[in-house]
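**Q** One letter stands for each residue in the lines below.
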Amino acid sequence: MSVSRREFLKTCAVISSVPMVGLAPGVAAAQAPKKGGTLRVGFYIEAATMDPHLSGSKVDRQVYHNIYEPLVTLDAKLGIKPGLAESWTQPDARTLVFKLRRGVKFHDGSDFTAEAAKFNFDRMKTEPKSVRKGEVASIDSVDVVDSHTIKINLKRPDAALLATLTDRAGMMVSPKVVQERGAELQRNAKGAGTGPFEFVEWVKDAHLVIKRNDGYWNRQGGPYLDRVRYRPILDDTVKLQSLQSGEIDVMDYVQPRDVAAVKADKNVVVLDVPSLAAFAYQLNHQKPPFNNKALRQAVAYGLDLEQIVKGVWLNVGVPANGPIPPTSWAYDKSIPYIKRDLAKAKAKLAEGGKPGGFEFTMTTANIPINVQEAEVIQAQLREAGITTKIRLVDAATQLSDGNSRNFEMISYQWSGRPDPDGNIYQFFKTTPGTSLNWSGISNPKLDELLDKTREVSNQAERKKLYSELIRILQDELPMVYTVHPIEPKAFSPRVQGYEPIPDGMMRFKDVWLR
Amino acid sequence: MGRLLAHRLLATIPVLLLVTAGVFALLHLTPGDPIDAMMAESVDATAKEALRRELGLDRPIPVQYAAWMGRLLRGDLGHSIRNGEPVIENVSRRIRPSLELALLAMAISLTVAFPVAIASAIHHNTGVDRLGTTFALFGICMPNFLLALLLIFLFGVTLRWLPISGYVDPLEEGWNGVRSLVLPAVTLGLALAAVVTRTLRSSLLDALAEDYVRTARAKGLAESHVIRRHVLKNALIPVVTVLGLQLGTLIGGAVITEYVFALPGVGRLVVDAVFARDYPLVQGVILLIAVGFIVSNLLVDVLYGWIDPRIRLR
Numbered sequence: 000m001s002v003s004r005r006e007f008l009k010t011c012a013v014i015s016s017v018p019m020v021g022l023a024p025g026v027a028a029a030q031a032p033k034k035g036g037t038l039r040v041g042f043y044i045e046a047a048t049m050d051p052h053l054s055g056s057k058v059d060r061q062v063y064h065n066i067y068e069p070l071v072t073l074d075a076k077l078g079i080k081p082g083l084a085e086s087w088t089q090p091d092a093r094t095l096v097f098k099l100r101r102g103v104k105f106h107d108g109s110d111f112t113a114e115a116a117k118f119n120f121d122r123m124k125t126e127p128k129s130v131r132k133g134e135v136a137s138i139d140s141v142d143v144v145d146s147h148t149i150k151i152n153l154k155r156p157d158a159a160l161l162a163t164l165t166d167r168a169g170m171m172v173s174p175k176v177v178q179e180r181g182a183e184l185q186r187n188a189k190g191a192g193t194g195p196f197e198f199v200e201w202v203k204d205a206h207l208v209i210k211r212n213d214g215y216w217n218r219q220g221g222p223y224l225d226r227v228r229y230r231p232i233l234d235d236t237v238k239l240q241s242l243q244s245g246e247i248d249v250m251d252y253v254q255p256r257d258v259a260a261v262k263a264d265k266n267v268v269v270l271d272v273p274s275l276a277a278f279a280y281q282l283n284h285q286k287p288p289f290n291n292k293a294l295r296q297a298v299a300y301g302l303d304l305e306q307i308v309k310g311v312w313l314n315v316g317v318p319a320n321g322p323i324p325p326t327s328w329a330y331d332k333s334i335p336y337i338k339r340d341l342a343k344a345k346a347k348l349a350e351g352g353k354p355g356g357f358e359f360t361m362t363t364a365n366i367p368i369n370v371q372e373a374e375v376i377q378a379q380l381r382e383a384g385i386t387t388k389i390r391l392v393d394a395a396t397q398l399s400d401g402n403s404r405n406f407e408m409i410s411y412q413w414s415g416r417p418d419p420d421g422n423i424y425q426f427f428k429t430t431p432g433t434s435l436n437w438s439g440i441s442n443p444k445l446d447e448l449l450d451k452t453r454e455v456s457n458q459a460e461r462k463k464l465y466s467e468l469i470r471i472l473q474d475e476l477p478m479v480y481t482v483h484p485i486e487p488k489a490f491s492p493r494v495q496g497y498e499p500i501p502d503g504m505m506r507f508k509d510v511w512l513r
Numbered sequence: 000m001g002r003l004l005a006h007r008l009l010a011t012i013p014v015l016l017l018v019t020a021g022v023f024a025l026l027h028l029t030p031g032d033p034i035d036a037m038m039a040e041s042v043d044a045t046a047k048e049a050l051r052r053e054l055g056l057d058r059p060i061p062v063q064y065a066a067w068m069g070r071l072l073r074g075d076l077g078h079s080i081r082n083g084e085p086v087i088e089n090v091s092r093r094i095r096p097s098l099e100l101a102l103l104a105m106a107i108s109l110t111v112a113f114p115v116a117i118a119s120a121i122h123h124n125t126g127v128d129r130l131g132t133t134f135a136l137f138g139i140c141m142p143n144f145l146l147a148l149l150l151i152f153l154f155g156v157t158l159r160w161l162p163i164s165g166y167v168d169p170l171e172e173g174w175n176g177v178r179s180l181v182l183p184a185v186t187l188g189l190a191l192a193a194v195v196t197r198t199l200r201s202s203l204l205d206a207l208a209e210d211y212v213r214t215a216r217a218k219g220l221a222e223s224h225v226i227r228r229h230v231l232k233n234a235l236i237p238v239v240t241v242l243g244l245q246l247g248t249l250i251g252g253a254v255i256t257e258y259v260f261a262l263p264g265v266g267r268l269v270v271d272a273v274f275a276r277d278y279p280l281v282q283g284v285i286l287l288i289a290v291g292f293i294v295s296n297l298l299v300d301v302l303y304g305w306i307d308p309r310i311r312l313r
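Chains as they are written, first to last, in numbering that gives the first Met the number 0: chain A, 0 to 513; chain B, 0 to 313.
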């Protein structure tokens, strides 16, 4: 199996234009979906909480997208489509009006209304333990216009807000459940959502079960499955074996090293789901050696991204030209990724005052694929005359080193956000205190462009601004980008009707078992 | 006996103090921060600060230790930072699978080790002995995770006799539960069997060379009687020591096996808590594991006295 970059982009295009009906090759769409069965899903880690306002863990969202619903949802091209909101208008740059869907009930029987929506936004903004505060920071207040209309007043224009509301920040929780058993919601989401499935039980460390919501408002298509049973299986090899032997029907992620073998297995169907992620290294602008722009450029010219993607990622990904992934409408394919050029790298070393090369330390997570990538980078840079020392740390150390700028070059694997804003703004905007801007870059031109991307709401204009940003980033290099990974998911051939969305979340509404 | 126990219990106090202070210091000296780890993708510095203050993580480390100790003396192990639940609840959920796994592994190891060691010792330096020692060497050298994956591949994927991973409680679902524990228990049990085999074989050989064995044989006792009553009983002390130490390790340290088989045990709980820098949880679990070690060693001491009355008198 080998996916060239072109093929990958083609796959993206195919996936985004044709909704998946049957997964298994040869199975025609002729078969009608049928009700029933339990879908068994294997996950890499246990969920952390069932309260979307308090959730800081990616895996939680996999469950949420089946029991809760956001105001708006994503389509396969990352376009925004109606969810719990039927439609929306933007009378001016600081106002967003949502018409909410009528006849929607929470699983506890209470009605979904404008009051309920307002309650949710207020909770996200004021609950002390809310992890959503940053995402809804641009919201000043929410007004109830009538029983099914809300008006969101913004402190500043925020073009990315709509995309943010496709996930946890837009998910509506039953106010009744929060008021009656708020603290318990963390472990028990009975009655709390409006989605196609209802929460049943969560036996920690063992399984989490949801069941079909027969009163679901959307009568088109599913839900078909009786139940979905999630199980954490931490070891990748064991998870794969569980799928191959039929103990589970779905696994959330296949490691690049296993992809070729799994694709050869007739009992497993693999789907390459392009992601929103951008994997990179932050370069510390506030101390030597990388406070020197020429030396940052020397490193970038010393890297061979094609070799990294082929050798380390086994082509389960594409070389990155910057923070925006090919799945995004803002991706500019006319901007090439930085190509390896040893002569240029040497010239940049001389320009930076280090004609004989220099030495630096690279901090990365002690995870096999990260270590492999670090070793390849080390070898590539050696040919450019740059010596790299590799420092391996665990995730918590990596975070604290990054936040305290205790590094020279540090890996940063960002899972990505549906709107390009989430992949760019907080990484490069001048901010006092902690932020994701670990490199410490402070560039007035960048700041100005970044603010503009939030103010302009026209997509074509925003795309132009982002292209301009990517070009500056390729020159200034606060971060060196390596790869946009693909996140392959694997299924039993019985599983039908799964439609991949690049945010990687598995929505099981229209999924059924053959 | 009572005095021995009382003495032993008193001696545990400094041990526990040392363990808790050591763990506390090590944890806080390790780079990383629980709030950062929990809210990795949030840049809301004020929210993080507020949470840090609420949890008392902004206070000096000695003060935090004293506060923790104070709560401990009132029987409160605190709450996990990550999931907000009491530490004791986190542990009690995990202790059952760990205990069941440890006991099953121990049973498997004894069932294998005793016959092999006895056969090896009786047929010292013959083909049987070499077979036994080879088995023991193999068991000691074989890495846990590799044996686990091989067992999964054979019994789970190829033969499909046993479930590959996951935990079902045998006390609730009987046979299904036992089935879910067989592969991990065999993985742990074989390694332990190897250690026990080696220890027992060498102490049996020592005992076989003793004068009282010659006397017993000279009295005309049957060989099986000699082995059971005279040799085995005298050779048991080192084995009990090994088992006592291993029981603690099995409960708190079977991390790799728990990880591979997706078993919710205590070992994984500690490791996950360390990675999340969940200070109260790590503190609490380590303390309980230390108590577990102390109790199992106490049990060993009591067993010594039962096996060898001379120890009781001292």
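Don't read these hints as lab results, they were simulated from the structure.
Computed from a prediction, not measured in an experiment: that's the story for all the values here.
A portion of the hints provided could be inaccurate.
[To be verified] So, partial list: chain A residues that the calculated Cβ filter (under 10 angstroms) puts toward chain B:
1) 240
2) 393
3) 458
Idealized CB from N, CA, C, for every residue including glycine.
**Q** Hints first: check each against the structure and report whether it holds.
**A** Now the hints, each set against the structure:
{"no.": "1", "hint": "240", "result": "5 angstroms, holds"}
{"no.": "2", "hint": "393", "result": "6 angstroms, holds"}
{"no.": "3", "hint": "458", "result": "25 angstroms, violated"}
In terms of the numbered hints stated before, the structure departs from hint 3 and from no other.
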